[in-house]
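Chains as they are written, first to last, in the working numbering: chain A, 1 to 117; chain B, 1001 to 1477; chain C, 2001 to 2418.
Honestly, I wouldn't trust all of these hints.
[Said to hold, decoys possible] Cross-link-like lysine to aspartate or glutamate pairs, in silico, EDC-like; alpha carbons within 20 angstroms at most:
id	chain 1	residue 1	chain 2	residue 2
1	B	1477	A	80
2	C	2106	B	1282
3	A	75	C	2202
4	A	41	C	2083
5	B	1195	B	1142
6	A	41	A	4
7	C	2156	B	1474
8	A	41	C	2261
9	C	2220	B	1272
10	C	2100	B	1458
11	B	1477	A	91
12	A	83	B	1474
13	B	1288	C	2059
14	B	1475	C	2176
15	C	2387	A	4
16	C	2387	A	37
17	C	2106	B	1385
18	B	1231	C	2221
19	A	56	B	1458
20	B	1231	C	2261
21	C	2100	B	1449
22	B	1172	C	2203
23	C	2100	B	1103
24	A	75	C	2203
25	A	2	C	2203
26	C	2234	B	1282
27	A	95	C	2024
28	A	56	B	1449
29	A	75	C	2059
30	B	1446	C	2127
31	A	83	C	2083
[Stated by the list, open to error] If you want the ones that stay clear, here's a sample from chain A, every Cβ over 12 angstroms from chain B, calculated:
id	residue
32	15
33	19
34	35
I should point out that these hints are in silico values taken from the structure, not numbers from a laboratory. Where a beta carbon is used, it is the ideal one built from N, C-alpha and C, also for glycine.
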Amino acid sequence: MKRELICVACPLGCTVTVEYNDEEILSVTGNTCKRGEAYAKTEITNPTRSLTSSVKVNGGVLPVVPVKSSKPVPKSMLFDCMKVINSVTVDAPVKIGQVIIENILDTGADIIATNND
Amino acid sequence: MCYDVAIIGAGVIGALTARELSKYNLKTVLLEATNDVAMGASKANSGIVHAGFDAKPGTLKAKLNVKGCEMMQKVCRDLSVPYKKNGSLVVAFSEEEMKTVQELYERGLANGVPDMKVLNKDELKAMEPNLSDDVFGALDAESAGIVCPYELTIAATENAVTNGVEFRRNFKVESIAFEDGVFSVKSAEGEIKTKYIVDAAGAHSDDIAKMIGDDCVELIIRRGEYFILDKAVGNMVSHTIFQCPTKMGKGILVSPTVDGNLLIGPTAEDIDDKHNTATTADGFNTIKTYSVKSCPAVSTRNAITSFTGLRAHPVNDDFILGPSKVNSQFIHASGIESPGLTSAPAIAEYLTDIITSAIGEVKKNDEFNGKREDVFRFRHATDEEKMTAIAKNPAYGRIVCRCETITEGEIIDAINAPAGARDVDGVKRRTRAGMGRCQGGFCGSKVVEILARELGCEINDITKFGNGSNILFDKTK
Amino acid sequence: MLNYDLVVVGGGPAGMAAALKAKECGVDSIIVLERAEALGGILEQCIHTGFGLHYFGEELSGPEYAAKFIEQVEKTDITVKTDTMVLDIDGNNLVTAVNKADGLLKIQAKAIVLAMGCRERPRGALEISGTRASGIMTAGTAQKYVNLDGYMPGKKVVILGSGDIGLIMARRMTLEGAEVKVVCELMPYSGGLTRNIVQCLDDFGIPLKLSTTVVETHGKDRLEGVTIAQVDEKLQPIESTKEYIECDTLMLSVGLIPENELTKNVGIGIDRITNGAVVDEMRQTDHKGIFACGNVLHVHDLVDYVTLEAQIAGKGAADYILGKCDNEPCYVNTTTGNGVRYLVPQKVNINNKEAVKLYFRVGRIYKNAKVILECDGKIISSKKKVKLAPGEMEDVVIPADVLAGMTPESSIVVRVEE
């Protein structure tokens, strides 16, 4: 199998071609640096994304507090994580860095507040 | 309970007529189909106080224009509505057009227009250096002015309500019945009874008249598109600049506005749909082509917004004012196209005379106060006035709209005023919040919050202009 | 009347960094005037991550990036007035501001840093014909509704403009359950960062249509749809390509405009391309003692660069206040050559002994091009670039020794060579 990706490791945006089969990555071409190769490999084997959203707050200044995943979560699980995030309510006061959801869907990532409320 | 008079349509005619009627001991109700006053032609026109040389001598238009122009300054002062007597120029681009200018001058004399003068090119260019070099001359009419049409309507309604008139919004008239000398006016919101009706429903006044079986009102709906340009170019001209009139109207004008912007437009296009206030690519091009002819430096690159207004052009080319032939208690106020805004104070008097003489013995309202309470405008206040105002009400110390320098206090006032704002556009027209160069990009959401707070509802209940124009959907969480 | 050595107008990332730097350089009394209820500026609503990679070496969200500076400001004796709007700056550095608690404030400053940020270009400037229905808003307004107020501004969304805020909002709206139908971009390239196109559009299968614009809006009360069309080389819509798309929301991400009304009122010279003040390498405007930095000076794509620029302005203001800028400056203008749209700073004081970094943007996409710095006709540096794009700010350094050899008649040109 063959896939073309635009590398986002830096602003260059190289078009990287990855050849792979079910077992392994066969080749990475078009990248201009090592980071590009690493990015392409992860994109094929286990693409992950940082997730940011907001969580409902009871009794805060603002009705919602922004949150992020403490580390990237599998791209395929973004919407499942959103379901969990949307089902949670937290009581004010919320502190920046506070863990709102621990180890969301066993991804190893916590959902943490990124502002005070 | 039965009203003496029900005015259908809270445009500038309805509002000023309501105020005029409130000088008498009459029970008057002002019925408006939408969520606010001035939602038809009164919110989207050129805002020009015409001198009165356009209309044919002897017509209602001619008579009421000149009278209205005389009255406007005082009406605006009483209602604390900005008005400026900036004069108008009808510019000619050929010898041929100079003949038209001369004709207009003579017609103006016949209509009793004061302070007119025919200018040659040099005199004209000295007066307005940014005009095109291709000008030949112009008709200068110094009695002409500019006014903010929706502000006038808002102020007149407020003053009418203060003087006892009842205002009902979202009262869209669906049918009118007449029995025992009394009309029943029905809408989805309910029914009211009244002895007299003034049909000031603008583009819909023909439909209202048909409800009593009167089909004498024949209107052609004419669409006019405009651009508003940034205040940075607001002083490109000081007079209102017309081109020579054509069959379709007064042509594309270039004019300062009372608020310091530059207005260019309108186009003139007959359309079938009374609700069609869309702007068009063709309209944009027409405005660009013709405005540049008057002022080569005008550029829509400075545009901050565009809008469309609908005028109800009467087929017989004159205002339709007076009792219906079908039922003399039904008073027409239809076909009020230009110079309708200028004529409005005179039309209000004219209609009130008709009603009061028909009723016979009507006492004056001794408590009538024609002065609208001064509205605090932070941007116009001196430092001392600002400090006093903020000390009294700290909300005047918080700027919500940065572009136009509008405070939270002014927005709260606009919501709580008689017949006050109920939606974002209503706040905008009353305060100018959101009318500046960012067009509400920053303050829009704050205005929504303030409206929700003052009206005691959720922010997703707030609309742009009533009925289904909600700004937000559900909560995200 | 109050007296402060330094008045900073704006408490976003630029204002905070400038104030902190000036404090660090020894300025005694500093006041920051912020129009919002809290410090942080637009970062407060930018809850996505991607901030701080350059400056802090970690990936932060907007509020987190802001919080790092807010914390620092709170540790100093810098006076902060929030909910305070600056109304006017006069020619003698007298600042007039207003808020609920103090009423009208008159503040005499020795120096002023302008850090008011920018605003989004509205619909009016775009000549999109059609109705005035609700549901047409800038991407930033939509961002505030979703991220701060917690309300959905739309369910079926079309985005016009592929600037970063538009791209970010495409992802935000999708994650919150809306359907983003398409992102249209008038130009043949996107104005946004590549990583945003990949992670905000490609990830969710949202199409990006280049050389395409919205020509008409439909719907009487709430927006019901838009007509989009491809444009020709002159950016004029092609009639035969018109296409109706059903949507309830049109978000505009069609450019940012520095908010320079105060600047213009002082009579400060404005660069026609950046729409910001003309400044020297200290970010001082042509009005002595008034400095500018951040998005009010020119629109940045990364906040990290805003911070760095604000620190330059903060140090400049400190030097000015502390009397370290006594000798008359001797300016050489920086000149844009082939392919370069603008340069900041626009002039360089050659009496200054330090190297100067020039920031610039290119006018279109270049592949395998060279960025050339030419002083007095001599090529000082020629840097190979695999890619140059209008959406990504570039820089080039004038070495100190080159500056030292310059005269008032010297020239500084930056150009792109293919």
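Hints and how they fare:
1. For the suggested pair residue 1477 of chain B and residue 80 of chain A, the alpha carbons sit about 15 angstroms apart, so the restraint of at most 20 angstroms is met.
2. This hinted pair does not check out: residue 2106 of chain C and residue 1282 of chain B have alpha carbons roughly 50 angstroms apart, beyond 20 angstroms.
3. A threshold of 20 angstroms between alpha carbons decides the hint, and for residue 75 of chain A with residue 2202 of chain C the separation of about 12 angstroms falls inside it, so the pair holds.
4. Restraint check for residue 41 of chain A and residue 2083 of chain C: the C-alpha separation of about 49 angstroms exceeds 20 angstroms, so the hint is violated.
5. Annotation: proposed proximity of residue 1195 of chain B to residue 1142 of chain B is violated, straight-line Cα distance about 43 angstroms (limit 20 angstroms).
6. Proposed proximity of residue 41 of chain A and residue 4 of chain A is supported: the alpha carbons are some 12 angstroms apart, at most 20 angstroms.
7. A distance of roughly 13 angstroms separates the Cα atoms of residue 2156 of chain C and residue 1474 of chain B; the hinted pair therefore holds under the 20 angstroms criterion.
8. For the hint pairing residue 41 of chain A with residue 2261 of chain C, the CA-to-CA distance comes to about 50 angstroms; that exceeds 20 angstroms, so the pair is violated.
9. Pair hint residue 2220 of chain C plus residue 1272 of chain B holds up; C-alpha atoms about 16 angstroms apart against a cutoff of 20 angstroms.
10. Restraint check for residue 2100 of chain C and residue 1458 of chain B: not satisfied, since their Cα atoms lie roughly 25 angstroms apart, outside the 20 angstroms limit.
11. Among the hinted pairs, residue 1477 of chain B with residue 91 of chain A is consistent with the structure: their alpha-carbon atoms are about 14 angstroms apart, no more than 20 angstroms.
12. Simply put, residue 83 of chain A and residue 1474 of chain B have alpha-carbon atoms about 16 angstroms apart, close enough for the 20 angstroms limit, and the pair holds.
13. Only pairs whose Cα atoms come within 20 angstroms are accepted, and residue 1288 of chain B paired with residue 2059 of chain C is rejected, the gap being roughly 48 angstroms.
14. A C-alpha spacing of about 10 angstroms is found between residue 1475 of chain B and residue 2176 of chain C, which places the hinted pair at or below 20 angstroms, so the restraint holds.
15. The hinted pair formed by residue 2387 of chain C and residue 4 of chain A meets the criterion: a straight-line CA distance of about 18 angstroms does not exceed 20 angstroms.
16. Taking the CA atoms of residue 2387 of chain C and residue 37 of chain A, the gap is about 18 angstroms. The hint holds against a cut of 20 angstroms.
17. Between residue 2106 of chain C and residue 1385 of chain B the CA atoms are separated by roughly 15 angstroms; this keeps the pair inside 20 angstroms, and the hint holds.
18. A distance of roughly 29 angstroms separates the Cα atoms of residue 1231 of chain B and residue 2221 of chain C; the hinted pair therefore is violated under the 20 angstroms criterion.
19. Distance hint between residue 56 of chain A and residue 1458 of chain B is fulfilled; the C-alpha atoms sit about 16 angstroms from each other, no more than 20 angstroms.
20. Among the hinted pairs, residue 1231 of chain B with residue 2261 of chain C is consistent with the structure: their alpha-carbon atoms are about 11 angstroms apart, no more than 20 angstroms.
21. Using a Cα cut-off of 20 angstroms, the hinted pair residue 2100 of chain C and residue 1449 of chain B holds, with the two alpha carbons roughly 18 angstroms apart.
22. Restraint check for residue 1172 of chain B and residue 2203 of chain C: not satisfied, since their Cα atoms lie roughly 49 angstroms apart, outside the 20 angstroms limit.
23. At roughly 58 angstroms between alpha-carbon atoms, residue 2100 of chain C and residue 1103 of chain B are farther apart than 20 angstroms, so this suggested pair is violated.
24. The hinted pair formed by residue 75 of chain A and residue 2203 of chain C meets the criterion: a straight-line CA distance of about 8 angstroms does not exceed 20 angstroms.
25. Restraint check: the Cα-Cα separation between residue 2 of chain A and residue 2203 of chain C comes to about 18 angstroms, which is no more than 20 angstroms; the hinted pair holds.
26. For a cut-off of 20 angstroms, the pair hint linking residue 2234 of chain C to residue 1282 of chain B stands: about 18 angstroms separates their Cα positions.
27. Restraint check for residue 95 of chain A and residue 2024 of chain C: not satisfied, since their Cα atoms lie roughly 28 angstroms apart, outside the 20 angstroms limit.
28. Distance hint between residue 56 of chain A and residue 1449 of chain B is fulfilled; the C-alpha atoms sit about 18 angstroms from each other, no more than 20 angstroms.
29. For the proposed pair residue 75 of chain A and residue 2059 of chain C, the alpha carbon gap of about 18 angstroms is at most 20 angstroms, so the pair holds.
30. With a CA separation close to 26 angstroms, the supplied pair residue 1446 of chain B and residue 2127 of chain C exceeds the 20 angstroms bound.
31. Only pairs whose Cα atoms come within 20 angstroms are accepted, and residue 83 of chain A paired with residue 2083 of chain C is rejected, the gap being roughly 36 angstroms.
32. Every beta carbon of chain B lies more than 12 angstroms from that of residue 15 of chain A, the smallest distance being close to 36 angstroms; the non-interface claim holds.
33. At roughly 41 angstroms from the closest C-beta of chain B, the C-beta of residue 19 of chain A stays outside 12 angstroms, upholding its exclusion from the interface.
34. Distance check for residue 35 of chain A against chain B: the nearest CB is about 35 angstroms away, which clears 12 angstroms, and the non-interface claim stands.
In terms of the numbered hints stated before, the structure departs from hints 2, 4, 5, 8, 10, 13, 18, 22, 23, 27, 30 and 31, listed from lowest to highest.
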